Structure formats: C-alpha cells, structure tokens
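From first to last, the protein sequence lines stand for chains P and V. The numbers in my numbering rise by one with no breaks, and the one at position 70 of the first sequence is 70. The numbers in my numbering rise by one with no breaks, and the one at position 365 of the second sequence is 365.
Bear in mind the hints are in silico, worked out from the structure with no lab data behind them. It is possible that some hints are incorrect.
[As the list claims (entries may be wrong)] Now the in silico label distances, taken between C-beta atoms and shown as ranges: (1) P/R24 x V/A278: 32 to 40 Å; (2) P/P85 x V/Q399: 44 to 52 Å; (3) P/T15 x V/C63: 30 to 38 Å; (4) P/D21 x V/A215: 36 to 44 Å; (5) P/P14 x V/D434: 53 to 61 Å; (6) V/D371 x P/S93: 26 to 34 Å; (7) P/P85 x V/Q345: 20 to 28 Å.
[What the hints assert, rightly or not] Straight line, CA to CA, 30 Å or less: simulated DSSO-like cross-link-like pairs of lysine-lysine: (8) P/K12 x V/K401; (9) P/K12 x V/K59; (10) P/K50 x V/K59.
[Said to hold, decoys possible] Below, a sample of chain P positions facing chain V; criterion: calculated Cβ distance under 7 Å: (11) F7; (12) E11; (13) L25; (14) D26; (15) H47.
As the structure is a computational prediction, the values presented were derived from the model and not from experiment. Every residue gets a Cβ at the ideal spot worked out from N, C-alpha and C, and that includes glycine.
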Amino acid sequence: MSNDLPFLEMEKKPTVQVTFDGQRLDLPEGENLAAALLAAGIQTFRHTAKTGAPRGPFCMMGACFDCLIEIDGTVRQACMLEVQPGLQIARPSAGGGDHDPE
Amino acid sequence: MTQSDIAIIGAGPAGMAAAATAARHGATVTLLDEQPRPGGQIYRDVDRVNQPRADILGKDYQCGATLTRGLRDAGITHVKGAVVWAIEDSFTVSYTQNGQAAQVSADRVILATGALERPMPLPGWTLPGVMTAGAGQILLKQSGVLASNAVLVGSGPLLYLIAAQMVRAGTPPRALVETQSRYDLLRAGKHFGGALRGAGYLVKGLKLLAQIIRARVPRYTAATDITIEGDTRAEAVTFRNRGRTHRIACDTVLLHHGVVPNTQAARSIEVPHLWDNAQHCFSPVTDQWGATPVEGVFIAGDSAGIGGATVAERAGRISALKALEELGQISPQARDDLATSLLRQKAKENAVRPFLDTAYPPCAQALSPADSTLVCRCEEVRAGDIRQYAKLGCLGPNQAKAFGRAGMGPCQGRYCGLSVTAILAQENSLGPDDTGYLRIRPPIKPVTLGELAAMHQSTPADAAE
Ligand SMILES: Cc1cc2nc3c(=O)[nH]c(=O)nc-3n(C[C@H](O)[C@H](O)[C@H](O)COP(=O)(O)OP(=O)(O)OC[C@H]3O[C@@H](n4cnc5c(N)ncnc54)[C@H](O)[C@@H]3O)c2cc1C
Ligand code: FES
Numbered sequence: 001m002s003n004d005l006p007f008l009e010m011e012k013k014p015t016v017q018v019t020f021d022g023q024r025l026d027l028p029e030g031e032n033l034a035a036a037l038l039a040a041g042i043q044t045f046r047h048t049a050k051t052g053a054p055r056g057p058f059c060m061m062g063a064c065f066d067c068l069i070e071i072d073g074t075v076r077q078a079c080m081l082e083v084q085p086g087l088q089i090a091r092p093s094a095g096g097g098d099h100d101p102e
Numbered sequence: 001m002t003q004s005d006i007a008i009i010g011a012g013p014a015g016m017a018a019a020a021t022a023a024r025h026g027a028t029v030t031l032l033d034e035q036p037r038p039g040g041q042i043y044r045d046v047d048r049v050n051q052p053r054a055d056i057l058g059k060d061y062q063c064g065a066t067l068t069r070g071l072r073d074a075g076i077t078h079v080k081g082a083v084v085w086a087i088e089d090s091f092t093v094s095y096t097q098n099g100q101a102a103q104v105s106a107d108r109v110i111l112a113t114g115a116l117e118r119p120m121p122l123p124g125w126t127l128p129g130v131m132t133a134g135a136g137q138i139l140l141k142q143s144g145v146l147a148s149n150a151v152l153v154g155s156g157p158l159l160y161l162i163a164a165q166m167v168r169a170g171t172p173p174r175a176l177v178e179t180q181s182r183y184d185l186l187r188a189g190k191h192f193g194g195a196l197r198g199a200g201y202l203v204k205g206l207k208l209l210a211q212i213i214r215a216r217v218p219r220y221t222a223a224t225d226i227t228i229e230g231d232t233r234a235e236a237v238t239f240r241n242r243g244r245t246h247r248i249a250c251d252t253v254l255l256h257h258g259v260v261p262n263t264q265a266a267r268s269i270e271v272p273h274l275w276d277n278a279q280h281c282f283s284p285v286t287d288q289w290g291a292t293p294v295e296g297v298f299i300a301g302d303s304a305g306i307g308g309a310t311v312a313e314r315a316g317r318i319s320a321l322k323a324l325e326e327l328g329q330i331s332p333q334a335r336d337d338l339a340t341s342l343l344r345q346k347a348k349e350n351a352v353r354p355f356l357d358t359a360y361p362p363c364a365q366a367l368s369p370a371d372s373t374l375v376c377r378c379e380e381v382r383a384g385d386i387r388q389y390a391k392l393g394c395l396g397p398n399q400a401k402a403f404g405r406a407g408m409g410p411c412q413g414r415y416c417g418l419s420v421t422a423i424l425a426q427e428n429s430l431g432p433d434d435t436g437y438l439r440i441r442p443p444i445k446p447v448t449l450g451e452l453a454a455m456h457q458s459t460p461a462d463a464a465e
C-alpha cells in the first residue's frame, strides 16, 4: 500500500494483467473495473469531445457516463464492468466508438 | 421472450421486498437490475463483503442480507447485470445483459429504480477526483477501495454516515465542509414532533456525528463560495466560513446534498411527475399503493419519493400486494389485511423526513450556480448559457434543447435536469411545475446497434415458442 495514491485497497487480491492506454497494469480479477483503475492510480479515464477536459468516475453507479473507456472498439462504462484477464483498455477517441446515446 | 406475471426493475430494498412478497403469494416474477449482485445502493454487495468491511459499514448495512435471502424463491428469476432501456406495450421490458439485448413480458411492472444523488454543480465539480459521496461509499462497499485524502462537501444524514464509515475504515476525511446553517436547524424545529416519531433515526444520526467529532475531523458549517481547485484533477477545496476563506488540500472531493428520485424509467413511459417543495425535487404521481396513472405500472421505494431503505422495503411489499390482487392471486380482503400494518409502519418511518429535509436543505450555491459553472457535464453547458436561453425566450428544458445541448448527452439529464429546470424557473419567475422537466424517451440507457441486432436475430425463435 502506497500512501501517495489517492485511493487505497483494503485487501490484496489475486491480480491479472490488463493494459490501459498501452500501459501494463495488474488489477484484481473480478473486481469493479473503475474502482480497480482508480486504485491503480489512473484518474483521467477520458477527455470530453467538446473541450478536451479530463474526466474520471463521478457516480460509480452507471448514471453519469464520465467513466467511459474503450474496449474492442466499443465505448463502455468502466463502473459497470469487472476486471478480466487481458483487457485492452483505451481512452475513448473524442468522437466515441460504437456508442449510440440517442 | 420470458413471460412473468410481474417485472420488477431494481433489486434494492424496494424491488427485493416486492419480489419476495409477490412470489410468496404465487406470482411469477422477473427481477432485473443492472448491478451484478442484489442489494441496491444501500445494501450493495452485502452478500459478498468480508467481515472487516461489514464492520465498517455497520449493522444497518448487514441487515440487507435478510432481503437478499428472500430472493431464493422458485417464483423469482433474478436477471443480474440487466440494464433496462425500454418499457413498452403493457408490457415488454427490453434490457441488455453481457452485450446482448433481450426482452421479458409481464402483466404488471414495478419500478424500484431508487435514487440518484442531487446534482451539485460547483466550480470544478467535473475534475477527476471529484465524485459523489455515494460513489466514494460504493468504492468501499463493492471494492474495499478507500479515498485516503478526501474532503466531504455538502449536507445531510448520508454525508455523516459516509464520514463515519471513513473514520471506521481508518481513512477519516480531511474535513467536512457543510452547507447547512444553524438557521436551517431552527427552522426544522417545527417538525420536531414528527422527528420524535422517528427518534431511532435521530439517535443514529447523533451517534454518527459523535464518531466524526471524536475522530477530530474538522467541521465547517454554513460554508459558502465553495470552489474545487485543480488543473487536471482536484487539488483543493476553498470556501468561506464565518467571514474567513479556507483552503484544504486534498486528492478527492466527495459531494453530497441529498438524494432525489431516479425518475428516468417512469418518465420514459409518461408517468406524470409533480414538484415536491419539501424534498425539492420532482416525484411521480402515485397513490398509497404506489400505483401510477399509467395502468399496470407501480413505483416503489426512493424512485417514488425519498423515504430511505426501510420505507422502500415496506413500499415494495405494498405495491406487490396491490399487483397480486389485480392479478387475482389474492383477494381484496387479503390485500388489505396484509397491507394495513405495512402502511402504518411506512407512515411512521416517513415522519422524520420533514425534519431532515428542513435541517439539511440543498446547498444554495449549487441550486443557483454562478454563470461560469458547468451545469450539464456531458455537453459542457454552463449556468450562464441557460440563463442566456431564458433571456431569448426559452421557458422550459425541452425548448432549451433548441438553443443548446443541455440534457442531450448520454446521462440524459440525470445530473443536470433538475439544475436546468431550477435555473429556467428562477430566470422566468415560474414554478418548477410550469417550467417542466426534460422529456425522457427510450432508450433510457444507451444500447448499441450490435446489441440490438443480437436481439432481433433471436426474435423468430421466440415467436416459434
Ligand atoms: C449512491 C447512494 C448510496 C446510498 N447509500 C445509502 C446508505 O448507505 N444508507 C442509507 O440508509 N441510504 C443510502 N442511500 C439512500 C438509498 O436511496 C436508500 O436508502 C435505498 O437504497 C433505497 O432503496 P430502493 O430500493 O428504493 O433503491 P436502490 O437501493 O437505489 O435500488 C435501485 C436499483 O435499481 C437499479 N436500477 C436503476 N435503474 C435501472 C435500470 N435502468 N436498469 C436496471 N436496473 C436499474 C439500480 O442498479 C439499483 O440497484 C444511498 C443512495 C445512493 C444514491
Ligand atoms: S462513474 Fe458514473 S457512469 Fe460510471
């Protein structure tokens, strides 16, 4: 446990490898993906399309859509996903992938 | 397509209690929730937490396990991780689970979609590191992740609960920046009689406060001029208190000034909503059974008006009893016999609300944000933009869509809808009911073309069943 990270994990759990924006991360398997990324020190999950402002998880309950990340070309809410081995996570490109809010 | 007597959306206390009651009296129930496990917001992951985490979260949390046990009834199909995005044609409920869309049909629908935290637009609230206090609590409940250097900003009982849980976890907040004032407490005095009927609630609140004070967490009440500073992430909170400006450095800011009904599902099927002055939010029109003017649709729990977990549980059972009677599974007499004490308990537990609502009103600065403050997080629309629309003759949130994109992003106004209504109402000197709310159309959660295609491919097989 490092004290300079904004978030601490209470328990040590078995981890699996994923990548975030090309960076290799070891995240606890089966845990909430947004929580795991925050605990790994990732704060900015995406940038807004309009102004490029940085955003990270805000509600953790699937309501705000600020935790959007891209997996296999699909933009999804990190707070509604769980960590699986081998996930290749990207910051969504400004326009978004196969994501159709209307 | 699966067929059930009753489809229930939301597996929090309201939805779980409704499902158990309905199944016990012979109805078939499909219970849908977008979370992977039952519990709702208050009891999130209650079946999975380990003992240290359960101790931190407290007894009120742990008793949620009684409700999750109630779901082990052959009549209940709990579809986990099911994001409901449409309710149509009395009734087909469409949802996505594991990237595939599917449908269930039912004769009655009980919406138990709970609450959302009230939008709290303050300068800097979109920076990474700023979250709702509930989000901070979800990190703890669901993942055992703690914000180690956080400031809590806002007001209300839930803010104290979360602060006390952080104290117990060994990561007390750096400070509590509270927006309610002593005058609010004085004003609440006239509701003290009602509060005494819910004395247990008050005692719990005082115990939480005692834990926070014992841990020497600095508290600043009646805080104004709150700003979250930071360039690419939250770095500090500044505010004024007793004529002085304070700055508290931190990594995380947890915002909370109450919860409001999550009305998306109900609005998408045109259940009428009215402004509730005491709770400062819109609530759906329901009768004592939770029945709405839309035939066959019930709303139970916080999505019908904020009452908290025990009220939600009773409300779920009450709606289920009425649905059972309508479906011919119990007699009107049995319905009334079973409902009498539930209705009485619910009224008793609700009696504390007027006191709490008055003592912990929403933060004034967030109800009337400065022009430069972002209101719509998704489309980055500022309060000043919305005031400008009003000057150009815009009267309501749907008209506002012609001027800009407020409320048109993926969150569909969940974190700006009430702010847009409030600002337009202030500018036009109209009430919230006359100003109205964003029109919510399905899908209420984004659904991809790929997910839809999977559903349509499976339709011919369903038809052949
Ligand atoms: C973040 C948060 C934390 C809270 N923590 C506490 C607490 O610790 N203690 C306390 O006393 N009160 C807490 N509350 C207040 C809380 O609202 C009530 O106490 C209680 O949870 C209300 O129960 P409910 O059954 O009405 O709704 P909830 O418990 O909120 O359950 C609603 C359920 O509906 C689901 N849902 C919503 N929309 C959809 C959809 N479209 N598709 C599928 N599923 C959907 C959600 O996933 C959720 O599980 C919290 C509220 C929030 C918002
Ligand atoms: S953090 Fe709000 S949707 Fe994920």
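Results for each hint:
Restraint check, P/R24 to V/A278: a C-beta distance of roughly 53 Å breaks the suggested window 32 to 40 Å. Evaluation of the 44 to 52 Å hint for P/P85 and V/Q399 yields a pass: the beta carbon distance comes to about 50 Å. P/T15 and V/C63 have their C-beta atoms about 33 Å apart, which keeps the hinted 30 to 38 Å range intact. At roughly 38 Å, the beta-carbon separation of P/D21 and V/A215 lies within the given 36 to 44 Å, and the hint holds.
Between P/P14 and V/D434 the Cβ separation comes to about 57 Å, which falls inside the hinted range of 53 to 61 Å. In this structure the supplied range 26 to 34 Å holds for V/D371 paired with P/S93, their Cβ-Cβ distance being about 31 Å. Against the hinted window of 20 to 28 Å, the Cβ-Cβ separation of P/P85 and V/Q345 comes to about 48 Å, which falls outside the hint. With a CA separation close to 48 Å, the supplied pair P/K12 and V/K401 exceeds the 30 Å bound.
Restraint check for P/K12 and V/K59: the C-alpha separation of about 25 Å stays at or below 30 Å, so the hint holds. Of the pairs offered as hints, the one joining P/K50 and V/K59 is violated, with about 45 Å between alpha carbons and a cut-off of 30 Å exceeded. At about 5 Å, the closest approach between the beta carbon of P/F7 and any beta carbon in chain V falls short of 7 Å, and the interface hint on this residue holds. Checking P/E11 against chain V by beta carbon gives a least distance of about 5 Å; that is within 7 Å, so the hint holds.
Evaluation of the P/L25 hint against chain V yields a violated restraint, the C-beta minimum of about 15 Å exceeding 7 Å. Because the smallest distance between the Cβ of P/D26 and any Cβ of chain V comes to about 15 Å, over 7 Å, the interface hint for this residue is violated. About 10 Å separates the beta-carbon of P/H47 from the nearest beta-carbon of chain V, more than 7 Å, and the hint is not met.
Of the numbered hints listed earlier, those contradicted by the structure are 1, 7, 8, 10, 13, 14 and 15.
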